[in-house]
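Colleague: Start from the sequences, fold in the hints, and give me the full structure.
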Amino acid sequence: MKRNIAIRIQEAWEHLQNRVQGGEERKDIPEIRLGTATCGRASGALETLAAFREEISRNSLQVRLLEVGCVGHCYAEPIAVVANPGFPPILYGSVTPGVARRLVRDFLGAGDPCLEFALGAVEENEKIPSIFELPRFRMEKKIILEHAGWIDPARGEEYLLRGGYRGLFQALGMDPREVIRAVKAAGIRGLGGAGFPAGEKWETCRAFPGKPKYVVGNGDEGDPGAFMDRALLESDPFSVLEGMTIAGYAVGSRRGFLYVRAEYPLAVERARAAMESLRGLGLLGKDILNSGFDFEIELVRGAGAFVCGESTALQASIEGKRGMPRVRPPHSVERGLWGKPTLLNNLKTLAVAARVLDQGSPWFRSFGTPRSKGTVVFSLAGKIQNTGLIEVPMGTTLRELVFASGGGVPKKKTLKAIQIGGPSGGCLPASLADTPVDFDSLNAAGSIMGSGGMVILDEDDCVVRTARFFLDFTQKESCGKCTPCRIGTYQMLKILNNLVLGKGSDSELKLLEDLAFEVQEGSLCGLGQTAPNPVLSTLRYFRDEYEAHYREGRCPARACRDLIAYYILPEKCSRACEVCVGACPVEAIATGAKGIKVIDQNKCVKCGSCYGDCPPEFQAVIKVSPPAKLREYEAKSSFPRKLTNDDLRLTNENEKK
Amino acid sequence: MKELKKKISLSIDGKKITARPGMRILSAALSRGIWIPNLCFIPEADLPFGGCRLCWVEVEGEREPVTACSRPVREGMVVRTRGPLAERLRKSAFELLLSRHHLDCRNCRKNKNCGLQEIARRCRYQLKPGRFTRENPGLPADDSHPDFVFNPNHCILCGKCVWVCQAKSAGILDFSRRGLECRVSTFAGEPLGESKCNGCLKCVDICPVGALFRK
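Residue numbers (our numbering), protein chains in the order written: chain A, 4 to 660; chain B, 67 to 281.
Source of the hints: derived by calculation from the structure; they are not laboratory data.
Some clues are possibly wrong.
DSS-like mimics (lysine-lysine), calculated; alpha carbons at most 25 Å apart, straight line [what the hints assert, rightly or not]:
| # | chain 1 | residue 1 | chain 2 | residue 2 |
| --- | --- | --- | --- | --- |
| 1 | A | Lys-324 | B | Lys-268 |
| 2 | A | Lys-506 | A | Lys-597 |
| 3 | A | Lys-324 | B | Lys-176 |
| 4 | A | Lys-575 | A | Lys-415 |
| 5 | A | Lys-513 | B | Lys-234 |
| 6 | A | Lys-497 | B | Lys-157 |
| 7 | A | Lys-609 | A | Lys-497 |
| 8 | B | Lys-157 | A | Lys-479 |
| 9 | B | Lys-281 | B | Lys-176 |
| 10 | A | Lys-597 | A | Lys-639 |
| 11 | A | Lys-497 | B | Lys-194 |
| 12 | B | Lys-81 | B | Lys-157 |
| 13 | A | Lys-479 | A | Lys-324 |
| 14 | B | Lys-262 | A | Lys-324 |
| 15 | A | Lys-606 | A | Lys-639 |
| 16 | B | Lys-281 | A | Lys-343 |
| 17 | B | Lys-194 | A | Lys-513 |
Restraint ranges, calculated between C-beta atoms of paired labels, are given here [claimed, not checked]:
| # | chain 1 | residue 1 | chain 2 | residue 2 | range |
| --- | --- | --- | --- | --- | --- |
| 18 | A | Leu-269 | B | Gly-259 | 54 to 60 Å |
| 19 | B | Ala-111 | A | Leu-269 | 40 to 46 Å |
| 20 | A | Ala-638 | B | Arg-190 | 43 to 49 Å |
| 21 | B | Asn-264 | A | Arg-282 | 54 to 60 Å |
| 22 | B | Gln-192 | A | Glu-550 | 45 to 51 Å |
Output of the computed footprint for chain B on chain A, the stretches with three or more beta carbons under 8 Å from beta carbons of chain B [said to hold, decoys possible]:
| # | segment |
| --- | --- |
| 23 | 51-65 |
| 24 | 322-330 |
Just so we're clear, the structure is a prediction, and the values are computed from it rather than from any experiment.
Even glycine gets a Cβ: it sits at the ideal position worked out from N, Cα and C.
Modeller: Here's what the structure looks like:
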């Protein structure tokens, strides 16, 4: 009997493979794959798409133009891969409409691959250097994002052609308990932040009595600076959907919910399209691959609350209630959606499960560190040259991430700190850049893996302001249920708000630290328990900066507006140039004696326009902290420090001319 | 249901008590006359609310304190209600509540019958926000209903009124907004007098402080 099922599945699978391969389009016409995920669109990918279309029809060429997702190189968007028969497929970066027209005309029309725009070929070949020679590609190991940016996210056929759904095919031929054993053997840990062993969760959910059971994919990615789940859904929703289906089979569920932030409209659209496509292929819905296993997935849009990323709040939200976390136990695997056993995993965890079932646990275990297996996806943002998504094996050091693959800090600035894990994570100083990224090393250093947001701070970023930014976020996003999170974070924020104004005292700093501990220990859910992390970690590594703010009224990074003043160095001022005068929105800069520009500190609103606009060859505008230090500069200078009536007269006359 | 036959024995502050399996420390303690400070606990409720964060206790063998309302009892468990870390978290939560509570006992209808006052008296806390400065939320009171008034400035968001209204009555009360702005409210903040309130006054009876009171 069991054998019959295995044969039926095998037949259905072969039939499906034949169908997909038979439907494959002709190889002899050129193909353009343009990344139109949110990051691409923000860089103008839709205009590029229109330009491609227009130019193709103008030249009456036969070209297949496809929209794909994101390959992770957000800094080089819009990105297009052009496959012209006779050439290896080539990846182009920053494809503006102009570049798009040239590619069609010159490459597709005339056979010139326009290598000046190319990042590299996507296959090893003898003609054109491949992208795998770039340091970023060498470091990366793509498991979760294996297909992201390469496939059309709306057509399941493409996912199948690249080897997709082999995981589910394997799983359906196994006993559900074997599937769970494979997940356990692989050592998959939850990639939503906490790193809970996925296999154990699956096992508990399967074992717990109660029917029906549900599977939930948590795509409520709310951390500022994090965009991994969005990119995954926009580029390759199939991996997630396959993982959910496998999880459903393993735990004995027939119904899954994919919870996606409402702020990700494109992800919602593409996930819906992907589900339609899978239904058409018989990979979602009734009797999947003739196995008798039914699984249906419903997409639920989030309600716009950060706290809904917390598992119990997320489930309340799906049920149509207010997203408020509840006490545990009972855990979701015992009592989740509508009181039934529910398996809730992050989208990336589900995608990983799909790969593990396909390639096997030993393969997966060969990546990572002894206690953190596999890979991790980070979104690199902030002061970094090459922003974007990167997937590396666990255990890669922060330094490798920032410098080798991220291209380092722009404008020759120095790395100050790395903020990992968003508002729940911590800030690690540059001195800890050799910390490997895995669950345990990051915890030990006072941060967390989090869901994978990574914000790079340079010397111009003030850690007090950074901590305040994140705390302000968690304070506003607290659901308000428990006292420490609702009022404790507010009291902490009040102290930080004072600090950036240069106010505070040793006792207030102690109160901040004490309260941070109490909120961490005393809050009901993960949001409150981790909300003090940015404050605690910056206090741990940058206490002197906190103290400088209230003791000296000085912001060491010269970022806190109330603690700095702008000053034009007379020795450096070009005298002939008027850029700063024009840039100043409040007319605080005037031309003084000998043509030197002087800032009227009473009028100055410290917007930084002059600082940003002073031509790089002069760099005459500096920031001074504390503002009282201005007097030192003025005393050193041989030029008059205040505008005299004469100066003003001169300025007026100049203006008249 | 065979679990019900067994009894679990544990000790709280040296006192040996028994409890049914599945019970949580706070219900077990209260049912045996051992008081642990709490404001949001409702014995009848299916799941504890766990919002006030006052019922901290320390369990022997565990590094971190736990809330008594949420932790299930275990055979042989040794619980201390007054450990230093539990006391610290409790006092912190108490002071934080007072920092956003309109402390106007003289004019408050719940004076001498108030949950906050009781905790201060029994735990020997001062009825003051301690390390924090007190701020009155400054929200308007809703006296549109003929029978009772809701003063959000006294509200400590224990959620008891929300529970009783939803579980036992018209179901018009819920939380709204987030963060510090979080409050108990009708749908879209409709005045109580114009809402579908049936005037059962269960919310008034269950309110541990002076946020809901009869006219």
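Colleague: Does each hint fit the structure? Answer for all of them.
Modeller: Here's how the hints hold up against the structure:
no.: 1; hint: A:Lys-324 to B:Lys-268; result: 22 Å, holds
no.: 2; hint: A:Lys-506 to A:Lys-597; result: 39 Å, violated
no.: 3; hint: A:Lys-324 to B:Lys-176; result: 32 Å, violated
no.: 4; hint: A:Lys-575 to A:Lys-415; result: 21 Å, holds
no.: 5; hint: A:Lys-513 to B:Lys-234; result: 46 Å, violated
no.: 6; hint: A:Lys-497 to B:Lys-157; result: 20 Å, holds
no.: 7; hint: A:Lys-609 to A:Lys-497; result: 23 Å, holds
no.: 8; hint: B:Lys-157 to A:Lys-479; result: 24 Å, holds
no.: 9; hint: B:Lys-281 to B:Lys-176; result: 13 Å, holds
no.: 10; hint: A:Lys-597 to A:Lys-639; result: 17 Å, holds
no.: 11; hint: A:Lys-497 to B:Lys-194; result: 19 Å, holds
no.: 12; hint: B:Lys-81 to B:Lys-157; result: 24 Å, holds
no.: 13; hint: A:Lys-479 to A:Lys-324; result: 20 Å, holds
no.: 14; hint: B:Lys-262 to A:Lys-324; result: 19 Å, holds
no.: 15; hint: A:Lys-606 to A:Lys-639; result: 23 Å, holds
no.: 16; hint: B:Lys-281 to A:Lys-343; result: 43 Å, violated
no.: 17; hint: B:Lys-194 to A:Lys-513; result: 20 Å, holds
no.: 18; hint: A:Leu-269 to B:Gly-259: 54 to 60 Å; result: 45 Å, violated
no.: 19; hint: B:Ala-111 to A:Leu-269: 40 to 46 Å; result: 42 Å, holds
no.: 20; hint: A:Ala-638 to B:Arg-190: 43 to 49 Å; result: 59 Å, violated
no.: 21; hint: B:Asn-264 to A:Arg-282: 54 to 60 Å; result: 47 Å, violated
no.: 22; hint: B:Gln-192 to A:Glu-550: 45 to 51 Å; result: 31 Å, violated
no.: 23; hint: 51-65; result: violated (count 0)
no.: 24; hint: 322-330; result: holds (count 4)
Of the hints listed earlier, those the structure fails to meet are numbers 2, 3, 5, 16, 18, 20, 21, 22, 23, in rising order.
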